[in-house]
Structures are given as structure tokens and as C-alpha cells.
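Novice: Could you put the whole structure together from the sequences, leaning on the hints where they help?
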Amino acid sequence: MSEHAIEIRDLRVDYGEFVAVKDISLSIPFGQVYGLVGPNGAGKTSTFRVITTLMEPTYGEVKVAGFDISEHAQEAREVIGYMPDLAPVPSDLKLWEFLDFYAQAHRIGGRARRRERVEQCLDAVDLTEKRNDWAKALSRGQTQRLVLAKTLLHDPQVLILDEPASGLDPLSRRDLRLTLQGLANQGRAVFVSSHILTELAEMCSSICVMNQGKILASGSVGEVRAALGGAERKINVITLRQPQVLAQWIEDQPGVREVLAFEDQVSFQFTGSHEDQGVLLQNLVTQGFGIRSFEEGRSSFEDILVEIAGENRHS
Amino acid sequence: MNDEAKEFQTKPFRSSWMIWTNPIVRRYARSRLRFTGLGISVLLMTLVSAFVFFVARGGGVNFLNVKEDVARLPLIPLLIVQGIVLFGLGTGQVAGAMTSEAGEKQLDYQRLVPMKPLAKVLGYLFGLPVREWVLFLSSMPFTIISLVQGNVDPYYAIQLYAVFIVAGVLYHLTGLVTGTVMENRRWAFLSSMGIVFLLYTVIPQAAQFGLVYFKYLTIYPVVTDVMPHLAPRMMGRFAQQFQEIAPQAKFFGLDLEQFIVTLISQGVLCLTMIVMLWRHWCRAESHLLGKLGALGLFLWLQIVLLGNALPLIENGEIFTSREIEQRLNSRLGPVFHGWKPYIWEATLMVGFYGLVTLVFLWTMALIISPNQDTQLRGWRRARKLGDSSLPSLSDPSTSFIWVTLMSFVGVGGWYLFARGLIGSHWFAGNSLSSMTIVAMLLTLLSGGWALQAILETKGRKAAGLVAIFAGIVPAMVAVILIVSGDLMTQAVWIAGVCPALWPLFGAGAFIVDGGLPKEVASSIPPAFWVWQSIAFVVTVLLLVKLRKSRAKISKSSVNS
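Residue numbers (the working numbering), protein chains in the order written: chain A, -6 to 308; chain B, 8 to 567.
Hints are supplied without guarantee of correctness; some may be wrong.
Said to hold, decoys possible - Subject to a maximum C-alpha distance of 27 Å in a straight line, what follows is the list of computed BS3-like cross-link-like pairs (lysine-lysine):
#  : chain 1 : residue 1 : chain 2 : residue 2
1  : B       : Lys468    : B       : Lys347
2  : A       : Lys87     : B       : Lys123
3  : B       : Lys562    : A       : Lys207
4  : A       : Lys207    : B       : Lys559
5  : B       : Lys347    : B       : Lys465
6  : B       : Lys555    : B       : Lys391
7  : B       : Lys123    : B       : Lys112
8  : B       : Lys559    : A       : Lys15
9  : B       : Lys465    : B       : Lys391
10 : B       : Lys559    : B       : Lys391
11 : B       : Lys555    : B       : Lys112
12 : B       : Lys112    : A       : Lys123
13 : B       : Lys112    : A       : Lys87
14 : B       : Lys559    : B       : Lys468
15 : A       : Lys123    : A       : Lys87
16 : B       : Lys465    : B       : Lys562
17 : A       : Lys15     : B       : Lys123
18 : A       : Lys15     : B       : Lys562
19 : A       : Lys129    : B       : Lys112
20 : A       : Lys15     : B       : Lys465
In case anyone wonders, no lab produced these hints; they're calculated from the structure.
Specialist: Written as C-alpha cells, this is what we have:
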């Protein structure tokens, strides 16, 4: 078996003149929950649709569990479990019938075995009690859980989940997180996208940030944060004296921008080195500004993506 | 994969043709054959069938003395009810449900299940209309009683129902293709039912113009053929007379049974549609037909059009006037003597053949011509792979050469038909002019190339607008002029703009002394040649534009 669950090389997807995905390359190993993050229109869903063989790329090579999807789409489909964004369910089937249909399509053999597997999957998403309800009668969160059960039916090695947590209540989200981490621990690869970024950061071993069809950064959450946040960090200073006087002084220092003063606090962005930061603190103390606190923060993950989305709108 | 999951995946792939084990068929059997919904439908179907059965028999008792004749009376009314359910409702259900599944993105799931594309096509083909098949079966006991008590030869009953079932499959495939192409459920439902309605009303009329092939897309020929054996004896005699004067099933030199020709005609179309759907399931972005496939289908259509029509010329069976005269003679006695076809009738038939060929050509061009997006994607892919051109059989490559080839094939078919008809012993005083092939080439090449160039440079919406303003508006203006007064010459000149009328004008121009009314006959040739010259110049300009557009796309793909 291939070492990587998903290997993407030079993938490009066009919709006419619009380039949805521009020459991205990515490798996702087995045994990880890998997150794909980006604002709307970043190219996440197009990437997912190509990997799942639902869309032909303009060009590029994609392998799933070692199967090149352009030549072995059928084999790749056997190992993929895909849950689309806003996953639909048929209105004319009951929950168990819906799962039973896909169990048959995936050749899970024998009526008794199939039934057993359906019950297992319903149980895994806590829908056993609703097995005889109509699929159309489910709430949004329950629908998401049902589709997750369908995705798990054939025990795929590679799970691709587009916004799986949308519509789930906090408890279900926690359960989803635990389920996905459990699947990764069993050696499967879980490739998941979400707009709930903090949650994705908690859930994923690694993430990849996309914007305007390109990968901006990938790696562990810390590495991505460092890569995107750069050297710039936010510094908050609390003073015992006049914050306006302090703000004026800070504004004149090198590497400082966006100085804000309010109540007893002054905050600013600092792009200097760590040594420069030490000198700045020393000067603040020696200048006698009555420094009570000097705290370094980083732009949060959420802030970084909000900034990216903002840049998209202006560009 | 863990051991527990391995335990669940033990069954091998089943054959695509074992539809009773097809998961998609089973899925729809489960949802569409639920006791409550199905029970009401079966009850209604049984009531209607019983009503038809007893009314026909009850009425028959009053004027038929033989018990067997009375028993046969419900057969045709029952066939009509079964046709409405299976052909009409079944086709609409298939098209509507397919569109709906695509709209709700359910099809994405189906694409991912590891079933063969053919199994998916067959699953939807027999799964979506499963209720209509059951309703059809629920009416069959009445049919069987009528057949048995009417002492009908099983051979004819089997012929009729074999063709009926194949026709049902053909129309359901039509619905499946319509549902795959269209996005709105209601429109898909109505369009597919409309197609079936046209198949039984308008399209068979093409047989009146010598294109007997279209008749075989319905069950009419087989019904006509077996009618003497199904109807009560008295009616059977009328049917027998009707059958004797109707054109026989011939294919070039072969004499074939009507039901064989019907099965072949419908079977090839079924196969074509299965290929279309198979391609769609393999790759959603694919054209419905590949370039070679489109050329092959076009060639096949020309062969069957000619194969069915040419053998009927010699004995005059191809001419509608002969059929009308024989019917009148059979009803009123020998009223007409010495029948001979009219030359204007032949001129119309030649024009109509050209029109049908042009419509086929446009249909193929619509299917295989790539839009700008497809071309751009293809070029980018080619550039990435280091290629300097697109593979000629790929979807993104231009359809120019294929439209050209089809035009030549079309001209071949059209010319053979025209020569066979006008050169026959019926029209010893008439002939084809020396410019016939030029006229045919101009008509098909201008029409085909122009549409192809518009599709590849501007897309389908632009082609639709051109069809309205160059096709429909001039024809409407011409009609207004004709009904307004003595403006026939002006009407002819304006109608000559309409590309769909070019073949009819062409026939008027290249058949020497074509028997058209004097005013029309004098205006058509100059109108045809003037408009064809203009159309050809416009088409060449469009092709130059297409060439530039393709060069631009090719260049832009290098930099992007």
C-alpha cells in the first residue's frame, strides 16, 4: 500500500477563465486528520471534487491510496468515503433503507451482514433510535450524521469530508472530532475542510491553508500560524501613567505600527527582531512610563484568515 | 482496512445485466413499490383496465356474433392505456427524477459507488420507472384473457409485446438522456413526454415524405402488421387491406418483417443512448457522443434512411399520393385509374430528405462542438503535457473536420435519394441539374460550419439567438407576406434566409422543372443561389473568426 493516502501534484482546476485551483501539490499520510482551511472561493471544494473523482481537473496528478484517479478511478472510489458540503439525503427512503442501499452498492454481502453493518454505522452516529424514520424528517445536524454514517459504511481508508461540522450542535461536534481522531488512530486518513477554524485546529494533526486557488502554508498548526503570521506580533503594554504619552513615544520607535491607546493600555504591531523587542522593553522601563505589564500576543488563526478574506475582497 | 470491514466486503461484482440484483433497481423498487402508493396506483390501473375491458366486450356483444371476435375487441384499447402509462408516465418519471437527483446532488453519491457505469445506466433505466412497469403488468391479465379467449396466434402477440417493451425502453432512455441534460425537473418531465408525443404524431409523418425509417421508432408498423390477427375478423379485413397498401419493410434488397426492422431501428437508438449515458457516468464533463461515435451514428442514419426508402421508389410505395388513391379506391370502388406520382411531390420529398439530413448534422454539431471553456481546459492540459496541439478525437478539439465529413456523407445520402427518385421511371421527363452536388454541398457545409463556428466561438446561447433571428423570424415574415396578399415572390426571397428552408429551396433549384407553382418556381432558384452565396461568405468569415479564436485560446494557455 502507498505510504501516502493522498498525493496531489501540480493540480489545476479552471472554470473558463477563472482559476479555482492553481498548480497545488500536497501529500497527506495515513493516520492523520488533515485540515483544509480557506475562505469561500479558495478552491477547497474543487480540490475535494477532483480527489473524489467527481470532477476532471484541467491537469495534474492525483493519487488516492496509490491509485492514480485518472487511470484507476474505480479502484480509488473503493477506498474513498466522501461527505459533500450540505450533503443531501433522499426524501423517499427511511434511514436504514438509505444505508442499506449504499451497503448493497458497496457490495457488503449477505442480508444479515449488511443489516449488521448498517446498525453499526447508525450506532456510531447515534441514530439507532431513528432507523425507521424518513430521512427527510431529520434535522440538519442529524442529516449530517446520517451522511457521515453512509460515508463510513464501507470502511473507507481515505475519508474526505467537506464542512462536516456545519449544522452540528456543540456535543455532536465534539463527538465528530473524537470519531475522526479515532479513525485516524486506526490508520485511516481523514481530509477535512471547515470554516470553524479553531475547531479544525483542535482536531487536525496538520493543516493546509488555501486562498485563491493556491496553498499559502501547510504543516502543523503551529508551523502554519508562524508562516502566515510572519515575524509580526501584537504587543500589549499596560501602564500606570498616561497611555497617550506612552503611545506617542512608542509610535516613534522603529518596527512599530498601528499603535492604539485605550484606558490604561497601549497595543501595537511590532515587526522587529526578538533582540529589538528586548531593547524596546528596556527603554520603556528606563524612560519611566510606569510599565505594569508587557505582553506579546500573536495574531490568532482566525485573525489571519479574516485578513486573507479581507484581502481577497479588496483585490 | 481492519478485519471487521474486510469481513463485510466479500461479494464480487455482479454482471451489469442482472438487473434484479442491481442496487439502484432495488433502491427504487423499495421506494416506489411501497404498499400504500403502489396499492392505489394498481387499484386505479386495474379499474381503468377493467373498465376498458368490459366496455369493449359489452359493446362488442351488440354487433359481433362470434365469441372470439368479442374477446379480441379490448386488445387495442388496452394497448393504448398501457402505452399511456409506460411510454408517457414512465418516460416523464425517468426524466423528472433524473433531473431531480442531479439537482439535489444525489448523483454525486452514485458516481462514487463502485458499480460499473453500465450497471448504473441500467439501474436507473429500470429502477426509476419500476412502478410504471408494475402497472403495465397489472393490466396484462386483461390482455392475456383477451388473447386466449380471442384465440390469437401467440406469434403475433409476442411480436406486438416484444416491440412494445423495446419501445418502452427506448422512450425511457430518451427520458434518461433528457433528464441528464436538463436542469429543471418540470421541464425535463414535460420535454420527455413531449418527445414521445411527437414520436407518435409529428415524426411518423416524415414517412409521408419518403422517410419510412421514422415510422419504425414507434410501434405503429408492428400494430399495423399484426392488426389482422388481433382485431375482430371484420375489422381485420379492413386492416388487411390497409396493410396491403402500406409500404412494406424493406432494407435495400432485403424483405424483412416489420417487427424485425422496428426492433433493429429502436435497438440501435437504444444502444446509442446507452453509450451517451455510459460516457456521462464515466466522466460527467464528457460530450454525449465522441467525434467518431457521432460520425458513425450519422452514417448509420443515412444508411437506414436510404435503405428503407430506395426500395420503395420502383413500385411507387414511397409516394403518399399512391397510398391515398388506393385507400379511396378501396373505400369507394375503382374511382382513380392510372395513378402516377406528381413531380412536385418528389421535389418536396427530396427537399425534406435534405432538411432531415441538415437537422441530423446540426444535432451532431451541437453534441460534439466544444465551447470555449472546454477548449481552454484542453489547451492548458495539452500545454502541461508538452503537446503543441489537441488530440483530434478529444472533446476539446474542434469539430470542424467531423462536421465537414458528416456534410460529405450527408451530401452522398441526399444525392443518392434525389437521383433514385428523380431518375426513376416515374419522372422520365425530369432530371437533376449539373449543379445539384454543388447546391447540396453549399447547403450542408454552410449550415454545418456556421453552427459549429458559432458554437465554438460564442456558445449555445448565441447559436440560439441566431436560430431565432436567421431561422424563425424570416419564416414568420414570409408567412405574413403570403397570407397578406399577392406577395409570393417577396415571401420566397425572405424565406430563403432561413437555413432550415435551404434544402427545400435547393430541391426547387436543382430539380429541373420540379412542378412547383410558376411564381414560386421562378423565384426559388435565384433566391437560393443568392442566399447561398451570401451564407457561404458569412460562413467563411465565421470560420476565419473561429481560427483566430482558437489561436488566441492556444496562445493564452501558454501564459496562464
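Novice: Hey, lysine 112/B versus lysine 87/A, does the alpha-carbon distance stay inside 27 Å?
Specialist: With Cα atoms ~18 Å apart, lysine 112/B and lysine 87/A stay inside 27 Å; holds.
Novice: For the pair we were handed, lysine 129/A and lysine 112/B, check the Cα-Cα distance against 27 Å.
Specialist: holds (15 Å)
Novice: Given the hint that lysine 112/B pairs with lysine 123/A, test it: the Cα-Cα distance must not exceed 27 Å.
Specialist: With a Cα-Cα distance of about 24 Å, the restraint between lysine 112/B and lysine 123/A holds, given a limit of 27 Å.
Novice: With the threshold set at 27 Å, check whether the alpha-carbon distance from lysine 207/A to lysine 559/B stays at or below it.
Specialist: The hint holds at about 26 Å.
Novice: With the threshold set at 27 Å, check whether the alpha-carbon distance from lysine 15/A to lysine 465/B stays at or below it.
Specialist: holds (26 Å)
Novice: Would the hint linking lysine 123/B and lysine 112/B be met if the CA-CA limit is 27 Å?
Specialist: Holds - the C-alpha atoms of lysine 112/B and lysine 123/B are around 19 Å apart, at most 27 Å.
Novice: Against the 27 Å threshold, does the CA-CA distance of lysine 468/B and lysine 347/B hold or violate the hint?
Specialist: Roughly 47 Å separates the two Cα atoms, so the pair is violated.
Novice: Does lysine 87/A pair with lysine 123/B here, judged by a C-alpha cut-off of 27 Å?
Specialist: holds (26 Å)
Novice: With a cut-off of 27 Å on the C-alpha distance, tell me whether lysine 562/B and lysine 207/A pass.
Specialist: holds (23 Å)
Novice: Holds or violated: lysine 15/A and lysine 562/B, Cα atoms, limit 27 Å.
Specialist: Holds: lysine 15/A and lysine 562/B sit about 18 Å apart, inside 27 Å.
Novice: Measure nothing beyond the straight line between the CA atoms of lysine 465/B and lysine 562/B; if it is 27 Å or shorter, mark the hint as holding.
Specialist: Holds, because 18 Å separates the two Cα atoms, which is no more than 27 Å.
Novice: Straight-line Cα separation of lysine 559/B and lysine 15/A no greater than 27 Å?
Specialist: Holds - the C-alpha atoms of lysine 15/A and lysine 559/B are around 21 Å apart, at most 27 Å.
In this structure, the earlier hints numbered 1, 5, 11, 17 are contradicted, and the remaining ones agree with it.
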